[in-house]
Each structure stands twice: as structure tokens, then as C-alpha cells.
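Here are the chains, one letter per residue:
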Amino acid sequence: MSKGAADNMNKGTGILRHREWRGLRDTVYDYLQWCRLWGILIKWALSHPVQNIKAIFRYRWMFSYLTVPSFFDRICSGQRGAGLRAARNNLNYLASDVTGTLTTIFSADMHLHPGSKKAEELNKKIICVDELLPSLLGKGFPNCKTILFQEYPMYLPSLINQHSPVHYIEQSELYGLPADVCPLPSFEAGLAIEDDFPKIGCCMLTSNMPCDGSIMTTMIQDRRIGLPSQQLNVPLRWKEDEVQEYAVEEIKSAIEFLEKYTGEKYDWDALKAACEIWNAQNEAKFEKWDMNRTDIPPHTGSSAWLYRIFEHQAVCGEPKALANDRKVNEILRRQVAAGKCPKTIRHRAIIWNTPANNYANFNNWLLECWGIDSVCEMIDIHGTDLIDTSTRESMLYGVADMYQTSTMRAHTKGGNEVMIDALWEKYEEFNADMIIMFDQISCKGVGAINGLFEEGAQRRGIPMCRVRQDLMDPTSISRREMRGDVNAFMQTVMNEEPLDPTLVEFDDDKSW
Amino acid sequence: MKAIMIILIILVVLFLLTVLIYWFNLDTKIVKAIEKPMMKHYDSIKRDNRL
Amino acid sequence: MRDLRHIHYYEGLLEQTDNELVRKEKAEGGIAAGYTCYYVPEVLLNCGKAFSVRLRAPNTGSLDISQYYMSSFICGYTRALFERAFEGGMNFLDFYASSDTCQQMVRVVENIRDLELINNPRFGWGIIDAPLKISPHGTKLYIDQIREHILRPLADKYDIDVSDQAIRAAVREHNEMCAIFEEISALRRDLNPRITPREFHILCLVSYACPTTQILPYLRETLEDLRTREADPVSKWRARVIVVGSELDDYDFSEILENCRCYIAADRYCFGAYPGRQQIPLNDDEPALDQVCRWYLETNQCPRFMSQEKIADRRETVKKLCDEYHADGVVIEQAKFCDFWGYERTLNTQVLRDEYGIPTLGIDREYVVRGSGQLATRIQAFVESLEIKKIQKGGPGA
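Residue numbers (my numbering), protein chains in the order written: chain D, 1 to 512; chain W, 1 to 51; chain Z, 1 to 398.
To be clear, the hints were calculated from the coordinates, so they are not data collected in a lab.
Note that the Cβ used here is the ideal one computed from N, Cα and C, for glycine as well.
Possibly wrong hints are sitting among the right ones.
[To be verified] To give a feel for the contact side, a few chain D residues facing chain Z, derived at Cβ under 10 Å:
#, residue
1, Asn208
2, Asp212
3, Glu240
4, Tyr246
5, Gly415
6, Ala448
7, Asn450
8, Glu454
The shape of chain D in the complex, shown without the other chains:
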């Protein structure tokens, strides 16, 4: 009997006994990209060895970054051809950018360099922003580094290692935070309680992104971060023209605040250049979506949405990110032109609502186990309006629009119709035949319209599989339970047999 994917995993830890055999060509390609990743990691490690070791030993969340090769393997699991190449290129680009940012962070971190004049000087030119605020605005300060403050201690580790949030969420709950709040702000609160945020920056731009919980966790974080801070209030009813003026005024006010604390003058030409690069990045994304609308979608799943989130938040307006996009699109185009599709697709699924960070490679499992290809995902769709860079005002309106339609905001705010009607539209557009609906149990904004999704799918005769998850708390709902929801649906509703029976039920509770 041929072996399934789960046969190659160590029970409990999910660690592969040996790496995946993808056929000679793809395995060699994967090996070379793995070497490239290790080149990036070794280069980072050797750039500031003492500082980096101090950081690894100081911050619990840094341990997650040591598991990055394993994380990339999971994100590339089952991938072949252009999908594999796109995934590896995207991920390696992320690795190079993240390691660069970690170097900036740790060089300025007063926890690691207490009393250091050099670190103090570096901090004068570091702008901290809430991680759900895209960094595009910061491009107008080319002499400064804009750091998405919670991205590196919180968001990325939660993707890389499902257990990374657990300790911090426990801390929050020990201090009285209710267990029903979303794990994302709870994790942030826990980091603040433990003083486990790097001590960097000259000022902080907080925000109300994306939701009520994030507003409130800011209060707890502000107390520990101790930087001069200003709230960038991003309007919720973003579809209305009437709120746009306010959105722009908020951005202008934020710029004034940043000018005051950095001592820099805002560079509108630099912003313009960045906006134009961002427009090109968006166009590259649109092309990817066009290709995914075909019968042979080349680049779907985990690496696609992970990269999009990172690109939209952290590397919007970055020339290197655009270069990566163009390279990846060329790879994808070639495969589509050749009419190839090196994956077994039984179902074209729309994946709606926020995915579970604690199961970042859920899409890979869907495809490998049940042949469900994630041709379109809600989390992938944000900040898609092109910015008019012809005047300063039009640019500001464009940036304001980007912020209002940011990750999670684009669908969960603006009215029911934005999230519900958009689902049916995408279903048609991508010629889907089923929906995977994430039911993030602690997301109050979306949980409050669960029934409307159910009824809508029933009315349209669309098979919709509800997958319960708790964003990044594996102790609440495990990966196994998530898979269980899909298994039950595929077996009882769709009456199907799995592509790989070993992946139906397996133990990976201890897996990163």
C-alpha cells in the first residue's frame, strides 16, 4: 500500500521524518530554495551574532523564528510546479525582509542594549505603528524605519508556531481578561503584561484596526510601551463618501504627529513613488487572481494569502517586493500558458472569513486530503483600489482608502453587505463549487452574522462547510477539530472519499 503524507510525520509533533519527495525536478528546486533560506538565516545570524543570541534568549517569541524552515515546509506541503516555486519565492522574500527588520529592531532594542547611546540614536528614527496599519504612510519618512510593532513579536510567531500565543494569552487571563475575547488582542496584552515587546522607537501610531478588541488592547499596551502615541482613527463605514474627509484629516494629523517626534519633514515625492510601486504590486496581485479564475489556478492557498497580508501591511511600496511579484507572476504565467496543473483539484472553494493563524497551512491540508483548492480567499482581498498619485490630495484619499479597506477591515466593517454580498460575487467570479466558512468563535463582528451566511448558502444551493476556529488559540479549538469539521462535511454531506486517507485523522497537537 502506498504511503500517505501522514505516514511521514512523527506522531504528535508532526515533524517530517524526511522531507517531501515531489519528483526529481521539484525536489531539487525545493532543496535549492531551502539552501537559499538557510543562506538568509545564516547571514542574519552572523550579521550581529551576540545581539541575535541575546534576543533569542530574551524573548520567548523568538524561539518560533528558529522553526521557520519547518514552517516553510508546511506552507509548501503538497505543492508542485509553479505553486511550489511561487510559494518558495514568496516565503524566501519574506524571510529576507523579516530578518532585516529584526536586525533593525534588535539593534535599537533598549532591552538588549540598556544605556546604549547608539541604540538611543537609532530609536530616534524608528516609527512604531500598530501592526494592522499598513506601513505605506511611513514611506514619506525615507530617513526613518517604520516598524509594525506587534507584527514581529506576535503576528508572525502565531503563524509560524501555533503554541506561541498560549503563554501570553494565559498571562492576559491571569490578569483578568475574559477568555472570550479574540486571541489576537489578548496575545498583545499578554506581551505587554510580560514586558516582552522590544523597547524601540521614538513614537507610536496606534489605531482602531481592525476591531473593538484591538482598540481596547491598545490601552494595555500603551501603559507598558511608554512612547508618545497618537491614535489613527480609521473610519468603519468606509463605503460612504461622507467619512473620507475625516479619514484624510486623520492621516494628516498622524503625519504632523510623526513629523514632531521624528524631527523629519514629510517627503511627498517619496510617498508618491511608494504609492506607484504599491499600485504595481496590486496589479501583479490582480493578475494572480485572473490566473486563479482559470481551470488551472496556479497559485492558491496558504503562501498566497500569507504573502498578501505581509505585502499589504509591511512591504507595500517596496521595490524588492514588486520585483518578487514580477518574478513569481512570470513563473505562474508560464505554467498557465503551458496548460499544466500539477495538483488534483476536486473542488474549487471560496475560503471566507479570517483564517486560523494556528493552522496557517490549513489550505494545504484541504488540497492534499480532499482535493479542495482555495481559489479565492477573503483574507487575500484588501487594499485593492489603485491610488491616484496625480496630486497630494488624491494620494491622501488613496492612502486613506487603502487603510479603510485594510486586512480584515475590507469585509468585516462597512456593513453586512460588504462581507455577505461579496461572498456570493466571488463564488460566481471564481467559478467555485463550495465554500469553506471559517467560524472564528471569538470574532464578535462576524459571529453576529453567522445565520445570514447559512441562509444565503442554503437559498443558493451552495455547499458550505463551517470550520470552527479560534484564530490563534490552539487550546480553544485544535487543528484536529478544524479538520474534523471538514471531514464530517466531506463524508456526510459531499459523500466523498479522501485523496489521502492518512490525512483524515492524525495527531499533530504538539506540532508547531
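Put chains W and Z on the given structure of chain D with help from the hints.
Positioned in the frame of chain D, the structure of chains W and Z alone reads:
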């Protein structure tokens, strides 16, 4: 010539080593092995926990 | 103490959202404008023939339907409102003025709209966006949003007079009601007060749940009654607290504290007197709408306001109330699954205790608190701890 041979041998050895590490997932397994002591270390750090 | 005038009548009014006075006002041509939140200026919903009804769901039983539509991790208040709408209990509503200031509450009106739950051909709604800090452009946004999403629909759809004069008239009537509450609130400063927590809570609730025009005559008589009422010869109260927190429209909560002989000297929760029952000052130099909106923004105590000034102001407000009303401690109550108050309670329970030196109890509760033995136990324990502190200080109760 000798130097080139030595360099070639080193490169071949490194290549084979990396292939071994890659194929048998040794990089991941090493990190897994140090996970427990690292967590113990983090637990032992004195912290200024407060709201 | 003798029964307070009209108290049983008020209890009867609170048994239904579509109460006798709401029906009476509607029969006289009134337009029922429902709302749930302080971000929607109550007084503006009382312009012309419109009248405000702060929405409640009294006698809520099972929430099976709302659980299906809205999941079980949604705050009980919003689920109860949705359930009531589903049952037809909100068909009297002509207009639902909502704000996208709480992601759960705004979904109620959106669900009602999408499922067409209000069997009323005139039904309309408006949803405003609102700032999270006070700034000139934020105030402008707020005013524009109110005008666009609340006043304009009221005027266009229901022919409501929302002119400057109409707003000023509504403020005058509102202020008359607030003056009554300011006088009644002052009675609560007494160490042996003439009004019980439960009674005050009921008075407050009827003022929100009934048309102002209809309830005012009753409130005036109740005030007259209170002016001459004599307190019990001996104060039965073991401790005095300020109750702070989220939406609380179940007066059984106050009864539970009363039964523990814990006096609620002031209430700083949504549906309470602070803010909401203070007179709105208007000058003749600016449009009334601008002044009203600025008032509601500046006095808003919602934890959603995230600026440092507002965060500090909320704590200072509690301290001020403690001092003014001679409170021994603070109870911060949070509706289960309320994100805003979940965090605010967590933080301020500690801050008020450690930085302000005010004994503070943080609790969470269901929407309906009736018969909550757990709540009573926690309050009882808190009261005992407050008594012990007083004894240690050598104060009253020693």
C-alpha cells in the same frame, strides 16, 4: 591544483551534508530537541509582570 | 419608607418595550425612534413629533433564534434585542438609530434590516460612524454623520421638524427631565438616603424607555413625593458603591445589591444617570446641533474612546463620583462577551484599586441578572471587605 581539489572536495562534502540535512529534516529535528530547555529557560526569566 | 409614588406603575411600564406610554404617544402621531447607545444623542430623537425609546428586551427567556443567527459568544443584550425583533416585539419601531461603535450592536440593526423583521411599512434606520477621540475634524464627522443618517431620514421620511428651534425645544424638555434627575441624584449623597438603588434604577430606566413628554408628569410627581419622603430612622446600608460599566437595563441588579445592603450611590453605566441625565447647556451663538453633538462626545464615557485624555477622564470621573457620593468602593460590571468592557474592567479594576486607592470589584454578568446567586455572593463578599476596611480605618461601620 591541489588547492582547487581541496576546495572541490570541501564543496562536495558540504553539498552532501546539506542534502543529508535537507532530506532527513535534521535542521527541524535539532530545533525540536532544544525546544524544551529553551522553554524552561524562558520560564525561569524574572519578569516585571503587570498591567 | 413608604412606597414611592408611581413606582409600581413604572415597574409595569418596564415590562414591555412597547409600553403603554409608547403606544399612547404613537396613537397621538408620534414617531418611535429606537436607539441603543450614548453615541446616538437621545435628545435629537425627541425633535418634533419623534420620541426616543432606548431599546430593551425585558422578560427575555431563551435566545435560541439569536444563537443561530448571531452565535453564542455575542453579548446578551444584542442577542436579546434581535430575539425580541424576531418575535415581533419591535414592530412598533418606526426608526432605528444605530451607530457602528460596537460591532455587535450594529449587527443587530443590520440583521433586522436584512431579515426584514420589523413589520412596519414605515420602518427605517440610520447608522452613524463616530470618532474615537475628540478633535475638531472628529467632531465635524460626528455632526455630519448625525445630520446625514439620523436627522435627514427623520425629516425626509417622517416629516419630523429637525430645525434649530426644534432641537432647542427638545433640549428644553430633556433638560427639565434631567433637572429632576439631578435633584434626585443629590439625594443619594445622603448617608441615609430617601431613595433606594432599585427605585432610582427604575426611574432612570423609565426615563429612557418612555416618551419624555408622557413620562415627565409622572416624574414630577415622584420628585414631589421624594422631597417630603422620610428616610428610615436607621440606615441599613453596610457599604456605598459607584456602579460603573456596560449596558445595564435590568433593575434586578440593583435589587441584588440592595439585598446585600449595598447602596448604589451613583451609576456610571449605559442606561444610567451618568452621563445621560445632566442638563445640556446651550448658548445662542452656535447651532444647537453642533452644541448637542459636542456635548454627547465630550461627556461620552464609552471605553471605545482610546485617547489618553479620555482614558484618564473615565478614571477621574469615577474618582469624582466616589468623592461626591461618599462611596466606599466601586463595582465595575461588564456584560458577558462585551469586548470594550472586558478590557476596561480588567484594567480599571486594578488601576482604581492600586493607583487611586479605591476598593474595586470587577464582575461580569448575563443580560438578565434575576436570581443570580453567584452575583449576590460576590457582592456580599465585597461588602464585607468594605466594612472591614472601614472598621480598620475607624470610620462609620466601626
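For each hint, the structure was consulted:
This hint holds: Asn208 (chain D) has a C-beta 5 Å from the nearest C-beta of chain Z, less than the 10 Å allowed. Contact between Asp212 (chain D) and chain Z, as hinted, is supported at the beta carbon level, the nearest pair being about 4 Å apart and thus within 10 Å. Taken as an interface hint, Glu240 (chain D) checks out: its beta carbon lies about 7 Å from the nearest beta carbon of chain Z, inside 10 Å. The criterion of a C-beta within 10 Å of any C-beta in chain Z is met by Tyr246 (chain D), whose closest approach is roughly 4 Å, and the hint holds.
Hint status for Gly415 (chain D): holds, given a least beta-carbon distance of 7 Å to chain Z, under 10 Å. The closest approach between the C-beta of Ala448 (chain D) and any C-beta of chain Z is roughly 3 Å, which is under the 10 Å cut-off, so the hint is satisfied. Contact between Asn450 (chain D) and chain Z, as hinted, is supported at the beta carbon level, the nearest pair being about 5 Å apart and thus within 10 Å. Among the interface hints, the one on Glu454 (chain D) holds; its C-beta lies about 8 Å from the nearest C-beta in chain Z, closer than the 10 Å criterion.
Of the numbered hints listed earlier, not one is contradicted by the structure.
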